[in-house]
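Peer 1: If you want the building blocks of each chain, they are given just below.
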Amino acid sequence: MLDQGKSSHFDHLVALEKGEINRAIFSDPDIYQRELKQIFARCWLFLGHRSQLPNENDFIATYMGEDPVIVTRQPGGKIGAFLNMCRHRGNRVCRADSGNQRTFTCPFHGWTYGNNGELKVVPGHTQVYHEELDMEAHGLIPVARIDDYKGMIFATFDKNAPALDEYLGDMAWYLDMALDRREGGIEFLPGVHKWRIKCNWKFPVDNFAGDSYHGPVSHGSAWESGFEGMPRRKKGYGYEGFQINAGNGHGFGARWAENEKQVYEMALPEFLDYEKARFPETRARLGDLRGMHLSPMHCSIFPNFSMLWQSGNMRVWHPRGVGETEGWSWCFVDQKASPEHRDLVRIHDLQRHGTSGTWEQDDVDNWVQSTMSSRGYVGRQVMQNLSMGINHEIEDPKSIHPDMRGRIAGFQNEINQRSLYGQWAHMMDGNGPAVPGTNA
Amino acid sequence: MSLDAIARSEMETWFSVSQFYSREARYLDELEFDKWVGLMAEDVRYWMPIVSNKIGRDVGSELTVRGELAHFEDNHESLSNRVRRLATGRAWAETPPGRTNHLISNVEIGEVEGDLVNVRSQFLIYRSHLETDQEIFSGTRLDKLRPDAITGWKIVDRTIILDHAVLTQKSLGIFF
Ligand code: FES
Ligand SMILES: [Fe+2]
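Quick note, the sequences are listed as chains R and H, same order. The opening residue of the first sequence carries number 1 in our numbering; numbering runs sequentially from there. The opening residue of the second sequence carries number 1001 in our numbering; numbering runs sequentially from there.
It is worth saying that the hints were derived from the structure and are not from the lab. Warning: the hint list may mix true and false statements.
[Said to hold, decoys possible] Mimicking DSS-like on lysine-lysine, the simulated pairs with C-alpha atoms at most 25 Å apart in a straight line are:
no. : chain 1 : residue 1 : chain 2 : residue 2
1   : R       : Lys78     : H       : Lys1035
2   : H       : Lys1035   : R       : Lys194
3   : R       : Lys276    : R       : Lys198
[Stated by the list, open to error] Now the stretches of chain H that chain R is said to cover, found in silico as 3 or more residues with beta-carbon under 8 Å:
no. : stretch
4   : 1055-1061
5   : 1070-1080
Built from N, CA and C at the ideal position, the CB exists for glycine as well.
Pulled out of the complex, with its shape left as it was, chain H reads as follows (with noise of 0.2 Å):
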């Protein structure tokens, strides 16, 4: 391939990503769950580690492992829940729901492994409840995805890496 070549579908990748991205955004800031779920593949890993304040030797292992606790460890059957719990009507926790602005950012392409391909993405999600409660949420999320027809791609895996220690946020009733 010429150099063009792998300029231009590297710009397609992060093209497509980068809407792909967007279009997530929309559906979970419209209330759109449904949709949101359908962008996750059947066998999705969602993960959410916790991060601790360490010095010293333990610099770099601040984030809890697996098989350790977590925020989230879901997969497909368990957001469905989630998503499930919501169009209840009385999950008071989003009764009235929350306004949310999923602001993604600095995507960034990496290596591809067989058919998904890695990508990097930053966020800050702000978040109004009710009258005056408002949530910042910012973080990095490392992401698979899988090529898909239908929606462009699928989301295989998903590790998100919160940077709050103590929450700050009442609670994590969002999504990443």
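The shape of chain R in the complex, shown without the other chains (with noise of 0.2 Å):
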């Protein structure tokens, strides 16, 4: 149980100055419990991207958390999301995944609402309620902001939450490297793997934030059988490449290129003729140190929005219980790509990504495996090791370049796990809401 008297009940499980946590953290379902209320409802969560409602009434259903939630796209363009659950007995209005509807019909009774969230209808509302429900106190629950970066709706629960502009702080500045490095941005391609893994939410999120070390023990059977996934390394680099960390628990990694010829080495082959063609235009809107010399790899936005820059790969991960989480994944594209570059790009993220990725399956088991292993009343006790390259950040990021942002470390360091641990802790503690800065 948490202790309820002291200010702080997480530093004990997470002594970040030693590169520890606790590992009950995976496993304890009070603690899980609390990740619903301090962290899930909020902070902001990824919902969807904009091309996904590309009409008026279009509407997704996703979730915050374990809350069900509509998406939706009402006429005069305007997006909103609301908890999908009538306000009658709690049953879902909504049971499609997508699709187009100005209204939905709760199944149980029929109270029916605009996609505005209104309840407009309430089947016997003179016979049986005598007029006396107030219908406009019973719309669906709406969520407390709604907001998009270039395309990238997300939404939190808190209305005392800070701007998502504040709450990404440099990470949207370096986002713009996947979301703006051509005139149009991107946009996502139709469908979405999902798939229940046995495994605590945190250990993909952690491992998509900073977990470089993982690929060639992880993933060496995909890399050495014709699925390579991610930009080398090419012999004589002064720099491998970075780990950037944005703050607010959000980072990424990436490989270091000197120059243009440098970051061609690194394409992945069947992209090298079209990044060869987009290379002039990205780096003319984004400058030489984000449209040139990082190649951005891997990458998690906390709480639970992860992302394969090079693969054209976006996820979320939805907790399902302390034990189980819900992957979805999708393909995205630069919205001016050509047909031909669409099929490579889509055909590259999902032989190595998602269901039935090369990668993504040696991936699933390990997170499953340290999941199991936090349950034992012994193994539970037992430290876990973020340690690796604690004293040896990076002291000045403008020295590697001026514009550098946030802070950064070598590329095997696991800085972002840190700080991503660190903001569980500080929201979990119930401070916040992240603000940038509070947990640098």
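From these two lone chains plus the hints, build me the complex, please.
Peer 2: Next comes the structure, spelled out in structure tokens:
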């Protein structure tokens, strides 16, 4: 049980100065319940991309934590999000994963809501409710705030949350390397992989945030069988790359190219022609640091969004109890990409990542096993190690490049995981909402 | 052709395809993946679209289509690479390998198009992995088969429609 008398319940579980976390955070049901409240009901969570809602009255169903929500594009174009929960007995008002509807009629007793959340029809409102039911007070529960960053829709249930820009902080600026590298930005291809993994949700987030260490061992089999998946270091580089921490628990890893030639040396072979064609545009839009030097690979945005930049892959890890996670994985492409390039990205992505991914499959079993061993009484007393490179961060990031933002370390360094669990403890203690700098 | 002869040739096709499917299932269950890939035509298209829940006007468009995201979209080369990966000994999701039983049934011979015959079949696959991990996959296969002198048939086109919207299986590391 949590000790309610202390001001910090979670410091003892996360000893970041030593690079240690207590393994109980992956298996304790009380901690999980508190995560739903302190993290998933308070953070900005990724809901989807605007390209999934091209027309008025389009909707997609998703989750914020374990709460089902509907994201709607209302007449006039406004995007809203509501709990997918009838105000009568709590039935889901929408059982489809996506579609186009102006209204949602609850399948239980027929209360009908507009796609702006308003309760419009209650069968028997006059005869059986005697017109005493306050229709206005019984609309679908809206999220507290919803916003988008260059097409990426996020929402939060916390009305005191900082603005999305502030929440993303420097990560937004780095995200431009995917979202704004070409005119028109990106779009999602239709279709999403959804699957259940018997692991705690934090394992995949940790993995995507900063685990460049596992590649050669976990993914050696894919790599040597023709499923090359990431930009490779070529001999003679000054730097292998960096782990970059953007604050608030957000972080990513990137290879470093000194010049244009090295960008192409690192490019995935099937994308080389496209990379050459788009490079001048990207460099002009984003400058040298983001447009040439950094070749980003993996990333997590706190708490549960992840991305594989080069593979055109984005995902969310929905928590499903302390020991289960539902992965949702999408493929994205530059909106300006040719049909031929879209085919290449899609096939590259699905053969490596998501349900049948030759990379993903091997990750999944690792996360399951790490979760399983956190259940034993003895195992969950043991501190888990995140100490890699703890006193070896790069003191002056601007010495690498004057535009660099956030904290940085060498490519093999667990700086991003330490930041992730630091942000986790910070939120779990009830601090925040997260504001840039509070956990730097 | 007499009615009798038509019936006999349909039965022969059905018998031969059913035997072919049983052999294919055995190759998969006995981890003879090279032999399994040997049943694929050089120009094979192996595709598993994604199913999702639709209502109202959208009923009937539950599956993603060509050009959209899929669970599998493979050709001979990528299937061979998937098999090569399994042989490395470091494909951790299959190390140790899962134990599967591919049950193939409801084999229905469809139209003949040139040298191809359309076949619809259904599958129920059970997989046990490690200690107590259990997975069941159910669905439908739509095949185009070409007669082959050595293997009996070659799979030229296979569409796999898995029934699951949210997969309860930890990954799709097996073949269908
Ligand atoms: S639960 Fe929705 S109308 Fe009764
Ligand atoms: Fe991985």
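Peer 1: Indicate, hint by hint, whether the structure satisfies it.
Peer 2: We went through each hint and held it up to the structure:
{"no.": "1", "hint": "R:Lys78 - H:Lys1035", "in the structure": "violated, 55 Å"}
{"no.": "2", "hint": "H:Lys1035 - R:Lys194", "in the structure": "violated, 31 Å"}
{"no.": "3", "hint": "R:Lys276 - R:Lys198", "in the structure": "violated, 41 Å"}
{"no.": "4", "hint": "1055-1061", "in the structure": "holds (count 4)"}
{"no.": "5", "hint": "1070-1080", "in the structure": "holds (count 7)"}
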